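Residue numbers (the working numbering), protein chains in the order written: chain A, 2 to 424; chain B, 12 to 179.
No wet-lab data here; the hints were simulated from the structure. None of these values were measured; they are calculated from a predicted model. Note that the Cβ used here is the ideal one computed from N, Cα and C, for glycine as well. The reader is advised that the hints may include incorrect statements.
What the hints assert, rightly or not - Beta-carbon label-pair distances, calculated as ranges:
| no. | chain 1 | residue 1 | chain 2 | residue 2 | range |
| --- | --- | --- | --- | --- | --- |
| 1 | B | 55 | A | 50 | 35 to 43 Å |
| 2 | B | 73 | A | 76 | 25 to 33 Å |
| 3 | A | 73 | B | 29 | 48 to 56 Å |
| 4 | A | 424 | B | 124 | 34 to 42 Å |
| 5 | A | 236 | B | 123 | 54 to 62 Å |
| 6 | A | 68 | B | 172 | 53 to 61 Å |
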Amino acid sequence: MTDYTQVLFKNRRPGETASLETYEKTGGYEGLRIALQKTPGEICAQVKYSGLRGRGGAGFPTGVKWSFFPADQPGEKYLVCNGDEMEPGTYKDRQLLLADPHQLIEGMVIAAYALQAPVGYIFLRYAYEDCSQVIERAIAEAEAAGYLGKDILGSGFSCELHLHRSAGRYILGEETALINGLEGRRPNPRSKPPFPAQRGLFGRPTNVNNIETLANVPHIMRNGNAWYQQLSAPESSPGTKLFGLSGHFNRTECFELPLGVTLREVVQEYGGGLRNGKRFKACLPGGASSPYMTAEHLDVAMDFNALEEIGSRLGTAGVTAFDEDTCMVAVTRNINRFFARESCGWCTPCRDGLQTISWLLDKIENGQGTEDDLTMLHDQVRNINGRSFCALAEGAMGPVEALLRLFEDEIKEHIRKGKCPFG
Amino acid sequence: MSELLPQQQIDKLKAHAAEIEHPHEMIVDVLREIQAHHGWVPDAGVVLTAEILGITPVEVEEIATFYDKIFRQPVGKRVVHICDSICCWSTGGEEIADHLQQTLGIGFGETTADGLFTLLPTCCLGACGDAPAMMIGLTTYGPLTATKVDEILAKERAELAKTTSGKD
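Isolated chain A (complex conformation) (with noise of 0.2 Å):
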């Protein structure tokens, strides 16, 4: 394994959480004060010009996002912290906190002052019960230490967060959704436009962004934008990235990883080849939404534009392998379930068209499918695709359309059998 520099992770100890003495002595909240010497305008042209991408699963750039708030608006504003960390093969962001929680609350905070937006939401997971008391322990340290509360440092600014803890269900990660569930509406997304930073929490405008960016933004703030890109190879993907491995790799731990390495690298040092000596086969790239990677794409970078290019995408980064002994029908089917169950039911494409799905794949993977069954697949995929009010059917048609273009004759042969291969 290659000694990477380790950004989000240096202070992470196996069983331990990083107090705010650790911290401050690794440069902890020096880059809150930094932020703090300059303008608002200016953290924000920095941070896009740092090239940050939105590491919760879209990739969309920070700093751009961030250009889009109307920072100048008089009146309430908000700063959400999106924790709610739900698509299958995903736990870096538990895994951050767990080590350093720090970094997010400096995050916040010099978001907070960069977006002029002085009230903060952390809207974490039912099933994240350890990070909230890590949390609610990092809070109260920075509020004792100045960090966080009135008048922050001497600066004038003042800054409060809130902890909501959710109770279940995937479509809260949708940001207009996980916003209905912070105001105690029932969590169907909204339409957008009006997108967030027009009209977002409480009608005001809001800035959502996911845990392992805001965590980014200090070290940013701290040692420049030369510093941050010169992380990782690819220009358009900068700095590092947590990866979280699972499914059959022999260590299924999370990583701290420059942006780039291939999936190589990823498979054979990291995940330290497959289990019992099998061979690779496929994975989930960056969580149950991502098209799969198989064996030919080995050597593809794991970076944002890379696997775009090859039809998949980074998403969250969780990779899940799976060996040469796996059924991809029975996988899809697996996580085609997880997403029809998780439905929210608001739109039909979604809500019926994931059930379809589901049918179709348990028909196949069970032996009763028919080459008309591949067709209306096929049909289901292009109908859904574009049409669902959010992106939840949209993410779900990742696996079930790779699927499709990878492995159409693992699919035949399960018709032509009248049973699955694999046994």
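Got chain A; can you put chain B on it based on the hints?
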């Protein structure tokens, strides 16, 4: 645990609701407090939440029925959530789910005769590196084997026996 919430806690929540601009945002918090105290949220819990926040019961119900981790039906003292998403599935999660059903003697959605455990499937718990995983109450366990499941259930049983005997 027959009462929904102690009066002191109700008063505290009401005072907080009166202080903030949008009491609506506390719905999930109040439901979770009722569930933590009472085990699940009966109709009376929905009405109490509405009363605390000064809103209508239907505004609470549309939230309570949306979230899968708010229980609107009686559950055992501990809810066992076994993950059935892709990482757990690919590492033997189905076998663990079968083992849980056999050892507890119940199917999904059912509660053991002694009232201790309810078994439910859940989507990804964010413990993909420790798959297969389950969550009991608010504690996540993984990676699981049948033997480890038995040990964890025994530990949970012992803890429950302690709290029950302590209270009675």
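Tested hints:
1. At roughly 57 Å, the beta carbons of residue 55 of chain B and residue 50 of chain A sit outside the given window of 35 to 43 Å.
2. In this structure the hint that residue 73 of chain B and residue 76 of chain A lie 25 to 33 Å apart at CB holds, the actual value being about 28 Å.
3. Taking the beta carbon of each, residue 73 of chain A and residue 29 of chain B are about 33 Å apart, not inside 48 to 56 Å as hinted.
4. Between residue 424 of chain A and residue 124 of chain B the beta carbon distance is about 37 Å. The supplied range of 34 to 42 Å therefore holds.
5. Between residue 236 of chain A and residue 123 of chain B the beta carbon distance is about 58 Å. The supplied range of 54 to 62 Å therefore holds.
6. Taking the beta carbon of each, residue 68 of chain A and residue 172 of chain B are about 59 Å apart, inside 53 to 61 Å as hinted.
Checked against the numbered hints given earlier, this structure breaks hints 1 and 3; the rest are met.
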